[in-house]
Amino acid sequence: MKIAVLSGKGGTGKTLVSVNLAAVSDQAVYVDCDVEEPNGYLFLKPQNIETEIVSIPIPQVEESLCTGCRKCVDFCKFNALAYIGNSLVIFEDICHSCGGCVTICPEKALTEKAKEIGVVKKGTSDNVMVLSGMMNIGEASGIPIIKKLLKNESLDDSLTVIDCPPGSACTVMESIKDADYCILVAEPSIFGAHNLNLVVELVRLFHKPHGVILNKCLDGVNPSEEYCKKNGLHIIGSLPYDKELGTMNAIGLVAVKESQQYREIFTGLLQAVVEEVGHEATSNT
Amino acid sequence: MRIAIPVDQNTKNTDVCISFGRAPYFMFFNTETKETIFVKNEAADSQGGAGIKAAQTLVDEGADVLLTPRCGENAAVVLQKAKVKIYKTLSGSVQDNLVAFENGKLETLDEIHPGFHGHQEEQK
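These protein sequence lines map, in sequence, to chains A and B.
Residue 52 in our numbering is what sits at position 52 of the first sequence, and the numbering runs on without skipping anything.
Each number in our numbering corresponds to the 1-based position in the second sequence with 285 added.
Chain A extracted, bound-state conformation:
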């Protein structure tokens, strides 16, 4: 069962929810797809780390074979190639690794080389297998790292919690693509409700079953809760705006390992999600 945790903005509590859901289950895989700034490992502190390099193919030219026909320059939709003063210039940061230029070159002057863009780190933290994607600074797209993370052989039938990047861009789409269920984490503010709406539109577009966890809940008006009610969204549960929880989080502790109260809350949330997924599976067959 793959559960993706996402939100329209950063700092709503995706990692808090993901880490604690993974930690409270009997056995789980936690996957940090926020490859620009992964932080789940700071809480789970995995051991026995194995590192795998993630590379993308980039064209390189053998100048002695290039006749300057410019077929590659004209083919590239991203304009990653230019032909200046009798030589081909390749812009590696613009290239999307489609391989089209290599295929189209009639002189076989272009070949592919591997360019390292980041790593996938795998380790264990008690009952949780921890997979983290880390993109090198300055790289344009984390998609190849997310693909590598979600194709990992450690992902089996047991609970997989996918901690998504913030927002609703292509990296999030890649992260939720194979998810069975999406948890949307939202803050109790007008801004929070607006950002919740962004991810609601996204998961509806992907036809993903979804529910909302309301985080940092205070007494009084909760615009995100009102948004859920107005739009018929299922609220899985809520987490309080709590100094104790904030303190545990700030020093890198996993709440369910420290506090009986949060162990109960997250056990309840996990059960609710599992039931939802089961219900969805039944109603779809």
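For the record, the hints were derived by calculation from the structure and aren't laboratory data.
Incorrect hints may appear among the rest.
[Stated by the list, open to error] Straight-line Cα separation of at most 25 Å, DSS-like style, residue types lysine-lysine; simulated pairs:
#, chain 1, residue 1, chain 2, residue 2
1, B, LYS366, A, LYS113
2, B, LYS297, A, LYS71
3, B, LYS368, A, LYS71
4, A, LYS147, A, LYS177
5, A, LYS115, B, LYS373
6, A, LYS45, A, LYS77
7, B, LYS297, A, LYS77
With the hints as your guide, set chain B onto chain A.
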């Protein structure tokens, strides 16, 4: 000498376009023959790499000099390889800038921006 300028319209009294890579047209002025031509910028609606493709057009048209309000780093790589000199335009019409250039009033463009790449709209 052929002078290239990104322009808003394909008429001689046009203004300089605020964008290089996504300008609708390039104007080329030949200082020897005094001839002016306009070339549509095929890069204007590219998904990405507009500056690279626009710079390629300039090089292919044989530009020696580019007058522009700004230039991205990828376009600058192409232009520098082709030894096209880049000067910073003053605000106003193309004709004013041509006169200013011929009188040595334009300075070389030293600020090369890292590109917008769809993350930020260029502002007027």
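So, going through the hints one by one against the coordinates:
{"no.": "1", "hint": "B:LYS366 / A:LYS113", "in the structure": "holds (24 Å)"}
{"no.": "2", "hint": "B:LYS297 / A:LYS71", "in the structure": "violated (34 Å)"}
{"no.": "3", "hint": "B:LYS368 / A:LYS71", "in the structure": "holds (24 Å)"}
{"no.": "4", "hint": "A:LYS147 / A:LYS177", "in the structure": "holds (10 Å)"}
{"no.": "5", "hint": "A:LYS115 / B:LYS373", "in the structure": "violated (36 Å)"}
{"no.": "6", "hint": "A:LYS45 / A:LYS77", "in the structure": "violated (43 Å)"}
{"no.": "7", "hint": "B:LYS297 / A:LYS77", "in the structure": "violated (31 Å)"}
Violated hints for the displayed structure, listed by number in ascending order: 2, 5, 6 and 7.
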